[in-house]
Amino acid sequence: MLNNNGPRYKRSKLERQMNVHVFWCVVILLVMCLFAAVGHWVWMFQYGDERPVFDVLGPEGTDLSPVMSAVYLFLTMIIVFQVLIPISLFVSIEIVKICQVFFIHQDLDLYDEETDSHLQCRALNITEDLGQMQYIFSDKTGTLTENKMVFRRCTVAGVEYSHDANARRLAMYQEMDSEEEDCPSRGGTLPRRDSVTSHQSARVVLRSHSTKSHRRTGSRAEAKRASILSKHTAFSSPMEKDVTPDPQLLDKVNECSGQMDFMRFHSQHVSQLPSDLADVLDFFIALTVCNTVVVSSPNQPRHKVRVRFELKSPVKTIEDFIKRFTPSRLTSGSNSSSSSSLATSRSSNRGCSSLLSSPSAESTLTKLREERAAAAPPCWDERPRGPEDGELRYEAESPDEAALVYAARAYKCSLVGRLPDQVAVELPHLGKLSFELLHTLCFDSTRKRMSVVVRHPLTDEITVYTKGADSAIMDLIKPPDTGNSKGRRQKKIVSRTQNYLNLYAADGLRTLCIAKKVLSKEQYACWLRRHLEAETAIQGREELLFDSALRLETNLQLLGATGIEDRLQDGVPETIASLRRAGLQIWVLTGDKQETAVNIAYACKLLDPEEEILTLNADSQEACASLLDESLHYIRAKFLCASSDQAAKAFPGNSAPFEMYPSSSSSSASSSHSSSPPHGAPFLVHRLGLVIDGRTLAYALDRSLEDKFLMVARSCRSVLCCRSTPLQKSTVVKLVRNKLKVMTLAIGDGANDVSMIQVADVGVGISGQEGMQAVMASDFALPRFRYLEKLLLVHGHWCYSRLANMILYFFYKNAMFVALIFWFQFYCGFSGSAMIDQWYLIFFNLMFSAFPQLITGTLDKDVSAETLQRLPQLYVNGQNSEEYKPYMFWMNMIDAFYQSLVCFFIPYFAYADSDVDLFTWGTPVTTLALLTILVQLGVETKTWIFLPGVSRDAVPQPRPRGKAVGQTSGRDPQEPAGPRRGGGASVPAPHKAVPRRPRPDSGGRQPLRGGPHGEGHAASRQRRRRAPPPRGAAASSRQRLRAPRRGSGGVRAERVRLAHLHAAGVRRPARAAPRRRPPPRHVPRGLGGGAVAGRRPVTPPQSLSCDTRTPICTIVFIKNKSDFYCIFIKETKGTFTFQIFLRLRIFFLSQRFVSFLRHSTKVP
Amino acid sequence: AVLRSKKPENTAFKQQRLPAWQPILTAGTVLPAFFIIGLLFIPIGIGLFVTSNNIKEFEIDYTGADTSSPCFNCSQNFSWNSTSPCTCTVPFYLEQPYESNVYVYYGLSNFYQNHRRYVKSRDDSQLNGNLKSLRSQEPSKECEPYAYHNNKPIAPCGAIANSMFNDTLELFYNDPNGTSVKILLGTTGIAWWTDKHVKFGNPGGVDSNLSAVFQGTTKPLNWRRPVYELDSDQSNNGFVNEDFIVWMRTAALPTFRKLYRIIGKSSQMVPTLPRGNYTLEVVYNYPVRSFEGRKRMILSTISWMGGKNPFLGIAYITVGSVCFFLGVVLLVIHHKCEKRCIKVFNVTSRTTNS
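Protein chains in written order, with the numbering used here: chain H, 17 to 1180; chain E, 33 to 386.
Rather than coming from a laboratory, the hints here were simulated on the basis of the structure. A couple of the hints might just be wrong.
Said to hold, decoys possible - Simulated pairs of lysine to aspartate or glutamate, EDC-like, Cα-Cα distance not exceeding 16 Å:
1. E:Lys38 with H:Glu413
2. E:Lys290 with E:Asp93
3. H:Lys609 with H:Asp416
4. H:Lys901 with H:Glu31
5. E:Lys38 with H:Glu130
6. E:Lys39 with H:Asp853
7. E:Lys39 with H:Glu477
8. H:Lys533 with H:Glu477
9. H:Lys654 with H:Glu627
10. E:Lys340 with E:Glu89
11. E:Lys173 with H:Glu76
12. E:Lys39 with H:Glu130
13. H:Lys609 with H:Glu638
14. H:Lys724 with H:Glu638
15. E:Lys290 with H:Asp929
16. E:Lys340 with H:Asp929
17. E:Lys152 with H:Asp563
18. H:Lys464 with H:Glu627
19. E:Lys231 with E:Asp156
20. E:Lys38 with H:Asp132
21. E:Lys39 with H:Glu129
22. H:Lys533 with H:Asp476
23. H:Lys609 with H:Asp929
24. E:Lys38 with H:Asp853
25. E:Lys88 with E:Glu127
To be verified - Sample of chain H residues lacking proximity to chain E, with all beta carbon distances greater than 10 Å (derived):
26. Leu73
27. Thr92
28. Glu413
29. Met490
30. Arg505
31. Glu558
32. Arg703
33. Leu875
Predicted model only: the values in this text are computed from it and were never measured. Every residue, glycine too, gets a C-beta built ideally from N, C-alpha and C.
I would like the entire structure built from these sequences, with the hints used as guidance.
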């Protein structure tokens, strides 16, 4: 919290610009008043001493001198012309903003079903800033990613296990995310693992049964409930917890442990185990053991467990070592806590479950054996633990660890307890084993790995299990001795694993390598001595420990590698891509370590594998300076010599956004500080990525280097700051905001983003997992990152353009009106007289011209939402403030003066030298001006909204052409099944524009190739994740995937047919939705509900009673002689009642007009 | 309890999906618009112009600024305070006979009746016949400094009334055979009906004895006669005197005319004013020389569009012609560039969609 400053009062850029112009309005007002005063003086002066009869003396008969008279007149004119200062503008802006906020709140696309939350606008006064963003600073974890690590794939001993079923399961989640609760027969649509071979089918049934409980609860609501239930355990949503094991690997695990058990039974040496099987087992032991995960169970709070076993600790002294490693002692820590459960389960003849749930202590081994003999065949697939509440919970430091432990558990290698000196692991067949934990060499970012030293209970060997980044581990692998077969095998394993690692990385997975090393007792003793020295050292303990770890972690034997996915939130790559196309610079500021950050950056397409990456890691100020210089030189050498058209060629497709605010910002920025090099002019953002770590960032943010840093950073397409502190985050944002004079948006979810959020022009909080701190500090709170796209591209654009146009219009309107009076001054001796009735003057801003632009400012759309999302480039419009530029204000003023000239002089000449009186003449002038002002608004209005009876579900949908299909499927496709569906039907999904990938089985580009099924599903999953395609297509493909899994043949056939029909081009209504106006649907009135959709002829004037039953919103255009028009919006349902009753009554005006005409024609 | 979902309603209004029409200007809509405007405005303009031209109007300046002018002497010697009336005679010749009703106006130039303080300087309550404003209570403050004279409230008070036009104009037709015929000038019907019957009223009702009612008040400084002696006709006397009412309606512009009299059409056969020589007899009371003012007498017939004013007709014709011309130009441009434009459009549409 110390990083936080108090909230900053934010004022939108548009308002800041506007305030300047309001000030200019004051200046114009004063100039006009001055002009009038001088004019009055001249006018007075020409009469000399002889006062004309119409120049009335003061009330007391005082005769003012021309000068005094002019001074008084100046003051008078200020009052007369005060309309020019748009006081009402501020009120109107507030009203419009509130309406805009209302509409943003109401947007279905920004509503997250899962958390039942929608976007919150916490700041009401900066909605239009959303349309002007130039830089986005994003947190990574929890913002771009879900902060859920999911085990995806693994390689063991050079064999890849693709975990297709798991991938499919994840896809299911995805599907459930994107789709709705669906039909009640959901249980039947379970994905069967159709890749399994026949001998596994029995298991499949069992498994599907066992997972059914979850599947049935697979609806989002249930998932939500589950996630809430498990909320107090970090990193343990069902998605992360449940890993569907790869059948092959599972077989191997079983086989292996079975053999182990067998061998142990026959007291054979374990090393006789086939090496690949041994590796598999070791791999899982490593996964289970090599971590710092703490186990807790709901019944057994973990602190209790801890307290009880705090007696033992890792080896601390030589004596301890000697004492512990006497051969008499095989394993330690027998746990008899569950022996009772063993007994009960034994009696209840459900052997297998009790077998597995029983704690495997040495003492019970024989019993176990007996039992297993009795209870053959073993059914491994039953859940080892019974009901959910007995399930163990893992609490990990990092989500990766948890993911790995959960993954291992899926293979029945589960961590059941961790004490300071021992780790209890439950293995299939072998039961519960206790690994004596000798040392834990914790993770650090330099080593990029962690190790545990344990005594293997089966082999009684001292084993080091190491887990770490591939770059770190691969270098430490023992160079295989190619002489023997084992060495050759090792070499093969290493090369294959490396191969897979590359593939994983390319797929955006976080890779971890698992390795082990067996120490002889002598080696261990040797190492231990020095290690203990290091541990007890007083000076330089850290380094010594570090060295000690380095000494131990050598000559490792590679076991395998895992691929973990830090799941990106839905649609993050698309969002980033489209925001980037919108010309936004995206910087990621994260506290994570560099590798992770880079990995994620690749995964979310922030960094492109094709682009070069500048990595800045420096240890000192000087090093940092020289690095920055080097990079600058490099950039210049590489890109500046290249002509701009080449640069443009380099990025086909999106040429415009890469030119970065050439004129205003860069020049002002470069002129603002002298140290910036002369190459300030049009600044191109190059195809470069910049990665900088926290330490270097600290140097780079130093005053002396910050300009250079900015120079480098701004020429890079993407910037990634890793390991940055909250303060650094805010400093970076502040630096960019102040030096580059750009609009910045910061988005984050955690307390560490608060300062950044507060500093940025717009702070967005993700109302996610990490509490409400960020949300409390933010201006807008989003449920998901991907909503940022619509928020910025659509709502931001709309808010900005609406407000900008409204402000300009306000200036125009008032200037135009006031100018009329100003022109009149030339004809009334600059006496401050007005031909406009006082009431009109008062009501002009209050009524006559108050509401129309409010409606326009609230509802006008210059571009439709679909187009804005399809063409993010349109966002540049707001970035460059193209709707509201200073010259526009002046043009606007000139336009206003011109129009008022016309409006003044046409009546002037038309009534020149006639017997017209002051107000009879002034009223037509006013009317004319008012009409002109309204027509001007009409011209400025881009979209004319008709509300001819929009009923509640008047999502104007044409009836589906494939109606028959809808009926046969038993479900009317027209009927909105849910909000998403309804929304999708009328507003095409945000990602509609993303071109659809080729069909999954037509061999899309897939980095990893599993089995044919796997490929297809992976592809489809991926595709679905990346881009929900247009509804029709999505539905068809999804149904095609699901169709074979349907239980009932008839329904299944139906589905298939339906899918084919869809594929063949029978469109669902949604496909036609982008057409702006549906064909009119003539439905007789009075049917209620949705009957009044479509265009009805304009209601005749008399039926102003907007039928309150049917329409929710109605605007009735009434044209009769007294009402100019009347907009009558009435919403009868819901709490929100929005009534605008706009009556521009020119009745009064027209009456006067008519009577005046008659009198001027002297027909009394 | 089931929590109410915060899910927004999927209505067209809330989702901003109201059916809308986005007007896009294309050649197909703009060109016809130009032509239609052109073709509509030109006839209207011609109609207005012809109508205006058919109106007969005669104007004669009798200010007497020139030495040659018959009213020169009057204008030289005259001021508000002079008591003896000065009369001058201005001959003129009508070249055309005036067929229908002829309206006689007096016109003033450089007279700023729209001056801010001048416009306000009246008491509408008094003029409406409110006795309180007339006597028992003081006239409105707006009338200052023309509210009191010799401690008597001025009726009607204010600067407007004080500066009322008080020339008397008389017209004589000089017959070809030498006799001079006085033309009958109608004094009623020159003010707005609403003014005469609603806005203005004599204190004490229609039939009251005006001289008694106005007892205790004094006439405006520049007036020769008190307000109850403006006309012998009781219904045209006091505050409801139509000349007075007309004057009280302050003109919009410094050059204005006000209706003075109406010459009613006597019979179908004879023109109201036959062509020939006329004499305008002016009782010259109203001084305008101090502010470079001008006084005119205007004779005019009217039509449905009012008095003679060719401006509107010309304006319509001009706008119509410009529109038509622009339409033609745009049509030519459109015709010539059509192919190229289509090509450009296709390219852009493809690139944006890809």
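| Are there hints from earlier that the structure breaks, and if so, what are their numbers? | 1, 6, 7, 13, 17, 18, 23, 24, 26, 27 and 33
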